[in-house]
Amino acid sequence: MARVELENVGLNYHTEAGEVVALRDVNLTVKDQEFVAIVGQSGCGKSTLLSLVSGLLKPSQGLVTIDGNQVQGTSKRIGYMLQQDYLFEWRTILDNALLGLEIAKERTPEAMDAVKEMLKTYGLGGFEHYYPSQLSGGMRQRVALIRTLAMKPDVLLLDEPFSALDYQNRLSVGEEVVKILRERKKTVIMVTHDIPEAVSMANRVVVMTPRPGTIRSIHPIKMCDEGLTPLQTREVPQFREYFGAIWKELNADA
Amino acid sequence: MPNAEYSPEHQNYLRRRRLHVLLVRGAQLFLVVGFFALWEVAASRGWINAFIFSQPTRIWAAALRLAREGELWRHLGWTVWETVLGFSIGTVAGILIAILLWWSTFISKVMDPYIVVLNSVPKVALGPIFVVWLGTTITAVVAMAISVSIIVTIMMMHTGFKEVDPNLIKLVRTFGGSKGQVLWKVVIPASVPTMIAALKVNVGLSLVGTIVGEFLASKAGLGYLIIYGGQVFNMSLVMASVLLLLAVSVILYYGVTLLEEKVSRGRA
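As you go down the protein sequences, you meet chains A and B in turn.
First residue of the first sequence? That's 0 in numbering that gives the first Met the number 0, and the numbers climb one at a time after it.
First residue of the second sequence? That's 0 in numbering that gives the first Met the number 0, and the numbers climb one at a time after it.
No wet-lab data here; the hints were simulated from the structure.
By construction, the Cβ of each residue, glycine as well, lies at the ideal position given by its N, Cα and C atoms.
Errors might be hidden in some of the hints.
Once the Cα atoms are required to be at most 30 angstroms apart in a straight line, the calculated DSS-like pairs of lysine-lysine come out as [said to hold, decoys possible]: (1) B:Lys-108 <-> A:Lys-57; (2) A:Lys-30 <-> B:Lys-108; (3) A:Lys-119 <-> B:Lys-108; (4) A:Lys-57 <-> B:Lys-169; (5) A:Lys-104 <-> B:Lys-261.
If you want the footprint, here are the derived chain B segments under chain A, 3+ residues with CB under 8 angstroms [what the hints assert, rightly or not]: (6) 145-156; (7) 163-175.
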């Protein structure tokens, strides 16, 4: 079943210096509960693609649909995680996790209980009244994830969500996040420039060309289909083959 | 008291730190006491003319006389009241205008050159205009205090609003937040430190505005006392008023610092 569909999507940026074609002829179908990773060089428009799916931007050409309905503005069904946790330093952990619900005016006692429960489940019980500066990078990232999950989105968009973490944390937080997203049966589109990260987490890796960005190739990754976790996937011999193939394609454009 | 858990080396370090703090405090106390003592001696020995320079004991006597006549509290009260009024109105109005400029890029672009020009005008020069328009009333004095602080507030707050991390705003937008929610949930709370900085600047500026206002258009207040004392050559009265003014500014500034500690608790 197709959750997210992009048909001949293109996007042009307008500045006083001229018109920039950021994306061109993008066609992509993401199935329900699929994890799709998009890799490409900086400036190839991969973050722009997420903005289009989230409804923050409107495509210049083509159509973006979720479950067959055209995307028109932001929606609760789509959760967006940015490159850093962007927790508000002046809010407690609980108030940060409730931000989305508060904006949607759904900060009900039941919703609060659900968020508290989630904090407990993901190792943040007892930290509700702490401030972000008192937490480690990995814990902060989990709060950001809970803040997004609190809205109960079907589709999650991850924009290099681990890039602000150090290598050690990146692996362990990545492992956790993938586990959580699989448990909750979310459909995920993740943008990254870290090829091993993409191969270790995704069902399919989409390689994009430099600007104007379009899809160059799509690599199905069989380890993820078999249910291996990211860390387990990194141990499998084929991991290097996938890496090599994708790396060669990205380099061919450089 | 030495803590048994600390090594002798660490205890020694702590002792030296304490001694250093004590030395700084001692030197500070010495400066102020020495200054007044030297002044007193110089005046009583005739090294300086006590009629022109006054003398700490005479200043004290002048202040006591004012207090006995009940005049002290009246003048002090006027100055504090006018400053607080000017400070509050200037700050609130400045923040509201900064919000308007943040909200509308068009208005902010149109207003930009005018704000720059208004900022560079010495607001004190507007004093006589306020007196003609508003009379020699408290309104003229408060108008003076507002005019001195409002433009700086607008500029500081508008800059602060614009410097809020755009990713925090994007986050609120991904949750479907409106512009009003961006303002209330992100821009204003993120600008609290800027707001405190603006308050600190404004306390001093409002006091300047109030005193200048009282110089020009008042029958009461420390500014009036200073001008009056100067005109009748009562330097003890002038000096007493200046010292009281010093005390007022310290207390007002301390008030803002207390507020800062209160709101910054828990922030990074």
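Tested hints:
Taking the CA atoms of Lys-108 of chain B and Lys-57 of chain A, the gap is near 27 angstroms; set against the 30 angstroms cutoff, the hint holds. For the hint linking Lys-30 of chain A to Lys-108 of chain B, the alpha-carbon distance of about 47 angstroms lies beyond 30 angstroms, and the restraint is violated. Annotation: proposed proximity of Lys-119 of chain A to Lys-108 of chain B is violated, straight-line Cα distance about 49 angstroms (limit 30 angstroms). A hinted pair counts as satisfied when its Cα atoms are at most 30 angstroms apart, and Lys-57 of chain A with Lys-169 of chain B qualifies at roughly 15 angstroms.
Restraint check: the Cα-Cα separation between Lys-104 of chain A and Lys-261 of chain B comes to about 28 angstroms, which is no more than 30 angstroms; the hinted pair holds. Evaluation of the coverage hint for the segment 145-156 of chain B: breached, as 0 residues show C-beta separations to chain A shorter than 8 angstroms, against a requirement of three. With 10 residues bearing a CB less than 8 angstroms from a CB of chain A, the segment 163-175 of chain B meets the requirement of three and the coverage assertion stands.
Hint compliance for this structure: hints 2, 3, 6 are not met, and every other hint is.
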